[in-house]
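There are 2 protein chains.
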Amino acid sequence: MISLNQKEQEIAAKIKKLKDEAGTHSPSIFTVAEKIPELKIHVDACFLSNPYATELFFTYLKRDLVDSRKMRDVLEFYPSQNNVIAEILSECLNVNPKSIFIGNGAIEIIQAVIHNFTKNKIIVNIPTFSSYYEFVKDGIEILFNPLEKGENYRLNIEKYIQIVKKEKPDTIVIINPNNPDGGYVKYSDIKYLLANLTEVETVIIDESFIHFAYEDETYEMKSATELVKDYPNLIVIKSMSKDFGIAGVRAGYAVMDSKRVAYLLKNGFLWNSSGLAEYFFRLYVHDTFLKEYEKVRIKYIQETQLFFKELSTIPQIQLYPGLANFGLIELKDGSTSTDFVSKLLIGHGIYTRNCADKIGLEGQFVRIASRNKDENALIINSIKICFE
Amino acid sequence: MISLNQKEQEIAAKIKKLKDEAGTHSPSIFTVAEKIPELKIHVDACFLSNPYATELFFTYLKRDLVDSRKMRDVLEFYPSQNNVIAEILSECLNVNPKSIFIGNGAIEIIQAVIHNFTKNKIIVNIPTFSSYYEFVKDGIEILFNPLEKGENYRLNIEKYIQIVKKEKPDTIVIINPNNPDGGYVKYSDIKYLLANLTEVETVIIDESFIHFAYEDETYEMKSATELVKDYPNLIVIKSMSKDFGIAGVRAGYAVMDSKRVAYLLKNGFLWNSSGLAEYFFRLYVHDTFLKEYEKVRIKYIQETQLFFKELSTIPQIQLYPGLANFGLIELKDGSTSTDFVSKLLIGHGIYTRNCADKIGLEGQFVRIASRNKDENALIINSIKICFE
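Taken in order, these protein sequences are the chains called A and B. Each residue of the first sequence is one higher than the last, beginning at 132 in the numbering used here. Each residue of the second sequence is one higher than the last, beginning at 132 in the numbering used here.
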């Protein structure tokens, strides 16, 4: 069982204070590094991104902006308006530009959608990404639907449809794959669910981690994006921070019925993309870039699956099966998640996500992101040492 | 009188189409350059910024991020949350961090404030920045208060107070200096106005152009920021795009009663600053940077005033007096603003703002930004040639 010495306990207290100040999210790695300078952070396994994609993006950015001195144009002048960027994405997403809403990160879209389209009652599966209930305005009912530990936190489609039909919410949310457990709902099940829940006014499917999921050995990803054409109640939300590893750029989009986009754009969201976000979106529809990206996406999935395999051999922990780029582990040797996370950070410079504040998880849970090959090896090795 | 030949008319029609698509704003210089490749744009005198400040920012950015390879950190990882950045600004603004709200550009703050705090009726002086009425939700009364041409569009304080007392709006907006005429309300008048309008629930003062205004020959600027301590109904909104010339970064802040900030942060606005915006805000409180900035601020003001002097000698136009970084001119020789703007853009590569869509301006008006010394000389010369 993991325990902390006096010195480690003192640092752990500082980490806890920072965490409390950041609410139900983790303090950024910069905040941690700035406020606790005695920590040496080597691996940010709290941040859920594909580091190979960041590298690829950076190669392009360096060539297109830094070396060519176009960076100044991108930072100095106004970027394009929301509808102009939507038009850029339209062909690549194969949906009408009027159905695309561009966001300053997916988080802005979650806020816009929940604030504008959720009227009376929302069902949120737990465990989940906390903004889906925290952004709900006062006076709106939030019904938590607990995913069952005995079912490895998988969404039971039939049971879910029954609950929704009984509770009659105007909004439901499915994160696919789910955060923090990585549970994936297959494309055929998503279609079945949509066909059976046409009476729900707003069905949010958050596909921020969909690039890491796959249905067969081709690793092809299956997005619900185009289903918006058949289901006007569907809103697909997509962060670009995870798959492309560019959280600092703040870029996301949503696909939804064009009337909803028009409603949102009528009173705001004018210049909510930065010059760099616009640069990214223009790259995102670029053939050569996409081909190269597809290679690093698959490479990262393969390494992530190997990482999971290694994690699952460690006897003191249980890994929950998932198809995202992070593993949800439960500590089985009596250690607390706080001690485990502190030990990994203080002793090994590895920053992971303590899930103690995640409602819907009973037990000692930690979420660990897959990073690059060397970092993953370091994570595995460090965890083993922690338990020695 | 300016008139266009056949070829110019065709390009002018394309410009008009882009403008129509951009609503009551101007299409970005990139959109114009992309959609009308036959145009050669040399000067963006539509964009209201201090180019010397952009240069200064760029020198720092190059040293701190590009050369040191920290750029990747800034783009890869999550930036700090709203309250963390507010804390950074607190000392420099001399207000409580809990009274500071960080925005993805001032435009996001205008949206947040109007959507959350305007309940029944808003008074908007015209001419104005259109978002102040366009972002108002359906069902809320908008009362336009026309500034008088005979008074050079100056705000008449006594008359304004009377109108507000009679109309009893819950929200009023003063842009200081005003856009598009540059009209400046002195600090003593702002204080007088606040003291006399304590019954108004929300008094918005938009100081996005305040760095270009001054009260005496020391060029010192007088912001209303600290008055929030005395007047809880006051909200000061500040864009950083103009004074620092970094519209592509998207950075703004507002100072308001801490209860309002808490209300906004309760349901959103979590990671609305990009990594580069956070980098900028950290620079904004940096002593050496600020000292250097102050020099280029004053240099730019002095050149802008010289530019205005030159503009006012051109007999075919009338310059309205203002203390912003742009001149509002009226065409007096019978030319239309559309022909003037098209001629300047097509024939001289100078992009200016046609004010034909600005409500509250009767006549043929164009807004021209002051740029650097050489560009200003080019603008003056080109205008003279247009009238030949």
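Watch out, some of these pointers could steer you wrong.
Intra- or inter-copy, both count: the list cannot distinguish identical chains.
Claimed, not checked - Lysine to aspartate or glutamate pairs mimicking EDC-like chemistry, simulated, CA-CA at most 20 Å apart: (1) LYS193 x GLU423; (2) LYS145 x GLU218; (3) LYS138 x GLU222; (4) LYS166 x ASP204; (5) LYS150 x GLU218; (6) LYS229 x GLU152; (7) LYS201 x ASP361; (8) LYS268 x GLU441.
These are calculated hints, taken from the structure and not from any lab test. Quick caveat: nothing in here was measured; it's all calculated off a predicted structure.
Tested hints:
1. LYS193 x GLU423: Within. Shortest intra-copy distance 16 Å satisfies the 20 Å Cα cut-off; inter-copy 28 Å does not.
2. LYS145 x GLU218: This pair counts as between: shortest inter-copy Cα distance 18 Å, intra-copy 47 Å.
3. LYS138 x GLU222: So LYS138 and GLU222 fail the 20 Å test inside a copy (56 Å) and across (32 Å) alike.
4. LYS166 x ASP204: The answer is between: 17 Å across copies meets 20 Å, while 34 Å in one copy does not.
5. LYS150 x GLU218: Intra 40 Å, inter 16 Å, cutoff 20 Å: inter-copy only.
6. LYS229 x GLU152: between (39 Å within a copy, 13 Å between copies)
7. LYS201 x ASP361: Close neither inside one copy (41 Å) nor across copies (45 Å); limit 20 Å.
8. LYS268 x GLU441: Neither. Shortest intra-copy (42 Å) and inter-copy (54 Å) distances fail the 20 Å Cα cut-off.
Going down the numbered hints, you'll see the structure goes against 3, 7 and 8, while the others check out.
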